[in-house]
Amino acid sequence: MAYDEVLAQRLHDLLDNEPGLSTRAMFGGLGFMLDGHMAVAAGSGGSLMVRVDPADGEAWTDGESVGPMEMRGRAMAGWLLVDGPELAEDERLRLWVGRGVEFARSLPPKQ
1 MAYDEVLAQR LHDLLDNEPG LSTRAMFGGL GFMLDGHMAV AAGSGGSLMV RVDPADGEAW
61 TDGESVGPME MRGRAMAGWL LVDGPELAED ERLRLWVGRG VEFARSLPPK Q
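Start counting the sequence shown at 1; every next residue gets the next number (the UniProt record's numbering).
I should point out that these hints are in silico values taken from the structure, not numbers from a laboratory. Some hints here could point you the wrong way.
[What the hints assert, rightly or not] Quick list of the computed label-pair ranges, beta carbon to beta carbon: (1) Gln111 - Gly84: 34 to 44 Å; (2) Val6 - Gln111: 17 to 27 Å; (3) Glu5 - Glu89: 16 to 26 Å; (4) Gly36 - Gly63: 16 to 26 Å; (5) His12 - Pro109: 18 to 28 Å; (6) Asp16 - Arg72: 13 to 23 Å; (7) Gly73 - Asp13: 25 to 35 Å; (8) Ser106 - Ala75: 33 to 43 Å; (9) Thr23 - Glu102: 13 to 23 Å; (10) Gln111 - Gly73: 28 to 38 Å; (11) Gly63 - Asp16: 30 to 40 Å; (12) Gln111 - Ala88: 34 to 44 Å.
In this text the structure is predicted, and so the values were computed from the model without any measurement. Just so you know, even glycine gets a beta-carbon here, dropped at the ideal spot from N, CA and C.
Could you put the whole structure together from the sequences, leaning on the hints where they help?
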């Protein structure tokens, strides 16, 4: 299934003025990169992948709408999957995008 185009547009609306922004198709979604580091990605079904500091990720999971991102049945440290209903309000989307941006900006730019 392709990524959610409505969510991708909402992400563009939030991130288009960020320096060093690029997008790339990855993980079946559309990744939003800042200076070469993924911050967030629009997934299928309205879900959002968010890159976070692994030390913070567990505290932000709730077992319902926010959980660890899994690939091939294995949880990926530093990556969260936020379900679409959690992102219905713009304020909540900004919160999660901000977390991804904050972590991506904490990393040195890739060459």
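Status of the hints after comparison with the structure:
1. Gln111 - Gly84: 34 to 44 Å: Between Gln111 and Gly84, where Cβ atoms are some 35 Å apart, the hint holds.
2. Val6 - Gln111: 17 to 27 Å: violated (34 Å)
3. Glu5 - Glu89: 16 to 26 Å: At roughly 19 Å between Cβ atoms, Glu89 and Glu5 fall inside 16 to 26 Å, so the hint holds.
4. Gly36 - Gly63: 16 to 26 Å: Violated, at about 32 Å.
5. His12 - Pro109: 18 to 28 Å: Cβ of His12 to Cβ of Pro109: about 21 Å, so the range 18 to 28 Å holds.
6. Asp16 - Arg72: 13 to 23 Å: violated (33 Å)
7. Gly73 - Asp13: 25 to 35 Å: At 34 Å between Cβs, range holds.
8. Ser106 - Ala75: 33 to 43 Å: violated (21 Å)
9. Thr23 - Glu102: 13 to 23 Å: holds (19 Å)
10. Gln111 - Gly73: 28 to 38 Å: holds (34 Å)
11. Gly63 - Asp16: 30 to 40 Å: For Asp16 against Gly63, whose Cβ atoms are near 33 Å apart, the range 30 to 40 Å holds.
12. Gln111 - Ala88: 34 to 44 Å: holds (38 Å)
Hint violations for this structure: numbers 2, 4, 6, 8, all remaining hints satisfied.
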